[in-house]
Structure formats: structure tokens, C-alpha cells
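Asker: Just need the whole structure built from these sequences, with the hints factored in.
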Amino acid sequence: MATAQSTIDHLADILAPAGPIRALPMFGEYGLYCGVRLIGLVCDDRLYLKITDDTRDAGLEQAPPYPGAKPHFLVDEEALEDPDTLLPLVRATYAARPDPKKIPKRLQGL
Numbered sequence: 001m002a003t004a005q006s007t008i009d010h011l012a013d014i015l016a017p018a019g020p021i022r023a024l025p026m027f028g029e030y031g032l033y034c035g036v037r038l039i040g041l042v043c044d045d046r047l048y049l050k051i052t053d054d055t056r057d058a059g060l061e062q063a064p065p066y067p068g069a070k071p072h073f074l075v076d077e078e079a080l081e082d083p084d085t086l087l088p089l090v091r092a093t094y095a096a097r098p099d100p101k102k103i104p105k106r107l108q109g110l
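Mind the numbering: the sequence shown is residues 1 to 110 in UniProt numbering, read in order.
Straight-line C-alpha distance at most 25 Å; calculated PhoX-like pairs for lysine-lysine: (1) Lys50 x Lys101; (2) Lys70 x Lys50; (3) Lys50 x Lys102; (4) Lys70 x Lys101.
In case anyone wonders, no lab produced these hints; they're calculated from the structure.
Note that the structure is a prediction, hence the values are computed from the model and not measured.
Answerer: So, in C-alpha cells, the structure goes:
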């Protein structure tokens with residue numbers, strides 16, 4: 001089941017205080033970015049946040065967003081409606097994630 005655009009819009013509204021949030025199509029679902037850093041995935045209308053060393057003890061359920069994927073935090077409805085829990089987790093995930101690597105000039109435009 002594909003993720004609905006209304007889910008993406010709702011997540012962008014909820015997470016906006018954490019920074020510039022955008023969702024880009026990826027593997028038939030969406031990659032969730034804060035600025036230029038990938039912080040999670042949205043698959044089947046569910047939010048999965050990347051697990052980092054700083055967020056490992058957050059206490060959320062861990063599950064793969066799709067078969068064969070590494071586990072992510074599966075953010076439940078209760079956490080989505082609690083900004084005091086969710087926003088610090090998103091900010092910590094953002095802080096721990098690396099910026100994307102620069103594309104070498106010889107490969108740009110391919």
C-alpha cells in the first residue's frame with residue numbers, strides 16, 4: 001500500500017518545528033529529510049526514524065520499514081501526537097546523521 005499525500009503533508013506539519021522537513025519519493029515510498037540529511041522513511045503511511053547512537057535508548061518499537069531493511073524506530077500514533085517526545089527525537093536524529101557526500105565534478109550532470 002502506498003503512502004498517501006495527506007500523510008506526508010500531516011508529517012511535514014507536525015515536524016516543522018524541528019527544521020525544514022521534506023519528503024522525496026524513494027523506492028516507491030518516501031525518504032524523510034530534515035534539511036539535506038535523511039532522517040527516516042515513510043512507508044505504508046507509517047513514520048520510521050533512523051536509529052542513531054544518540055537515540056538508541058528512546059524506547060520506541062524497532063521494525064524494518066520494508067523487508068530486508070535495517071530496523072528503524074516505528075513511530076506510533078501516540079508519539080506522533082506528542083511533540084515533547086517526537087521533536088527532540090527528530091532533532092537528535094538530525095544532529096547525528098551525516099551530510100550527504102559531495103558528488104565529484106566529473107560525475108555531476110550524468
